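**Student:** Listed below are the residues making up each chain.
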Amino acid sequence: MWFLTKQFAVRRYFTHCLSALIDLVCGTKRWRTSEFVLASLVFVQTHSLQDLQQPAVSSKVYVQRDYSSGTICKFQTKFPSELESRLDKQQFDETIQTLNNLYAEAEKLGGKSYLEGCLACVTAYTIFLCMETHYEKVLKKIARYIKDQNEKIYAPRGLLLTDPIERGLRVVEVTIFEDRSIGSGR
Amino acid sequence: MRECEYSQISTRSSTPMETPYKKRTPKKRKWEAFPGRNKFYCDGRIMMAKQTGVFYLTLFLILVTCGLFFTFDCPFLALQLTPIIPVVGGALFLFVLGTLLRTSFSDPGVLPRATPDEAADLERQIDVANGSTGYRPPPRTKEILINGQTVKLKYCFTCKIFRPPRASHCSLCDNCVERFDHHCPWVGNCVGRRNYRFFYMFILSLSFLTIFIFAFVITHIILRKWLSFMRQTHTPAGCVLAVVVCFFSVWSIVGLSGFHTYLISSNQTTNEDIKGSWSSKRGKDNFNPYSYGNIVTNCCAALCGPLPPSETLNRQLFTDRLIPIPVLFIDP
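Those protein sequence lines, which keep their order, are chains A and B. Each residue of the first sequence is one higher than the one before, starting from 1 at the first, in UniProt numbering. Each residue of the second sequence is one higher than the one before, starting from 1 at the first, in UniProt numbering.
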């Protein structure tokens, strides 16, 4: 299934293929077979850029923070009604619960975090110039988890999760794309 | 052969589809489009308030006083008493400087403003909740229960968000700051969640440094007068100046350290203390829902707890595309 980028990126892509073709013809650069095939398709296909459909954003759903346990980062597990047609409640619950657990792990007060804090204090906080904090490590883990969830569960349903750090840890943004499938085969 | 891969807008790395023939306009970083009234230096690595004059005064006072101490007093004290004095003084001075710069230059915990879509969604929810009235919208607050205590979340009209608990909007910097303590002109920045521990360490170490310098300069002056083999009894002007500066600053700095020690042990912010948010005067059942119950845990949590990274992501590349888009990758 073709999922194409926005217009300017598509235009860039075709320019890239054209330039690849030019390079090949002029012998200025060796190119990969697949790219050459695609580049030649530029001349064969008669589709214009306008014909190529892009996924339009239908709406966005925001999952707000749950402050019942204090200021720790925790998101509400209430299932948004807009997602009912696209996603199972259980899958959504699982995603949010895992995210909450990961954030709890990042903000956990324990021996390890105290040790890190004391070591940082003793070195006048210069240690953070060479070392990553525990929180940053967990945030990277969260980013990987969200990417994984998007690939496996959300993208096939025309949804996209945004990493909360991109929104200041205020909301989990779920973008709902219009369900338009184009082209043949997946 | 073809792979669909979803990724957020890659603002850090360049896309593989960039054509080498078109010259691109230089990419802007997020700090250049920052909506608040902050000043940035070193390509977004340093974030300070707009008014930094008093910060330079603080720096000047510390450097000059320590400079006078090391120039006029340390040689005498190192010879007459012990060389450990300048060593300890030097270590204290470096620690004070380090914590001051860390407090002043780091992001205090600024909450990024809501995206237009987010703001519209919130407005819609508020209208639904209030039953959209044509004239004079009611004050936007939300009451929640935190550990059994009712807390009111206020809507910030500038940032278009419901402020998290303990957050407050700094009118000087025009930002909402998490766990807002106060705006300190002496460090030229707000004191919030991310730099409170540095601020506390700064005022604590500065108290020790001030008392240290004060005590040893007095010792120096006394020793000079009492040692009979010292012909000259003239006290260098530098010593007197150092004593005067230390004398006037020790009261305020030690007082401030004491106050913040109390705040940390009860897990309160200056803002909450001034407003009397958790004071028993407000009500019999009024208590601080954020306190861990005992002083040691409160201190450890405030000073040694995990340090959250900056949410403003100042050095990331700025893009006005807020919609994450699915991107096509082709197998090599």
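Heads up, a few of these hints could be off.
Claimed, not checked - Counterexamples of contact, computed for chain B against chain A with all Cβ distances above 12 angstroms: (1) VAL54; (2) VAL88; (3) PRO165; (4) ARG179; (5) PHE198; (6) SER207; (7) LEU223; (8) SER249; (9) VAL250; (10) GLY258; (11) LEU307; (12) SER310; (13) THR312.
What the hints assert, rightly or not - Covered stretches of chain B (chain A as the covering partner; in silico rule of three or more C-beta atoms under 8 angstroms from a C-beta of chain A): (14) 96-102; (15) 111-120; (16) 143-155; (17) 288-300.
Simulated from the structure, these hints should not be mistaken for laboratory data. The model shown is predicted, which means the values in this text are computed figures rather than measured ones. Idealized CB from N, CA, C, for every residue including glycine.
**Student:** Could you run down the list of hints and mark each one as holding or not?
**Tutor:** Structure-based check of each hint:
Even its closest Cβ contact with chain A, about 23 angstroms, leaves VAL54 (chain B) beyond 12 angstroms, as expected for a residue assigned away from the interface. For VAL88 (chain B), the non-interface assignment is confirmed: its Cβ lies about 15 angstroms from the closest Cβ of chain A, beyond the 12 angstroms cut-off. A cut-off of 12 angstroms between C-beta atoms contradicts the statement that PRO165 (chain B) is not in contact with chain A; the least separation is 6 angstroms. With a cut of 12 angstroms on Cβ distances, ARG179 (chain B) falls inside the contact zone with chain A, its closest approach being about 7 angstroms.
The beta carbon of PHE198 (chain B) is not kept farther than 12 angstroms from every beta carbon of chain A, the shortest such distance being approximately 7 angstroms. At roughly 16 angstroms, the least C-beta separation between SER207 (chain B) and chain A is larger than 12 angstroms, which holds for a residue marked as non-interface. Chain A leaves LEU223 (chain B) outside its interface by the beta-carbon criterion, the shortest separation being 32 angstroms against a cut-off of 12 angstroms. Residue placement check: SER249 (chain B) keeps its beta carbon more than 12 angstroms from all beta carbons of chain A (closest about 21 angstroms).
A cut-off of 12 angstroms between C-beta atoms confirms that VAL250 (chain B) is not in contact with chain A; the least separation is 22 angstroms. Here GLY258 (chain B) stays apart from chain A, with its beta-carbon at least about 19 angstroms from theirs, past the 12 angstroms limit. Interface exclusion of LEU307 (chain B) from chain A breaks down, the closest Cβ pair being 5 angstroms apart, not more than 12 angstroms. Residue-level check failed: SER310 (chain B) sits 10 angstroms from the nearest beta carbon of chain A, not beyond 12 angstroms.
Residue placement check: THR312 (chain B) does not keep its beta carbon more than 12 angstroms from all beta carbons of chain A (closest about 8 angstroms). Under the rule that three or more residues need a Cβ within less than 8 angstroms of chain A, the assignment of the region 96-102 of chain B holds, with 3 such residues. Counting residues of the region 111-120 of chain B whose C-beta sits closer than 8 angstroms to any C-beta of chain A gives 6, which meets the bar of three, so the coverage hint holds. Counting residues of the region 143-155 of chain B whose C-beta lies closer than 8 angstroms to any C-beta of chain A gives 6; at least three are required, and the coverage claim holds.
Judged by the Cβ-Cβ criterion of 8 angstroms, the region 288-300 of chain B is covered by chain A as claimed, because 4 of its residues qualify and three suffice.
Hints 3, 4, 5, 11, 12 and 13 from the earlier list are contradicted by this structure; the remaining hints agree with it.
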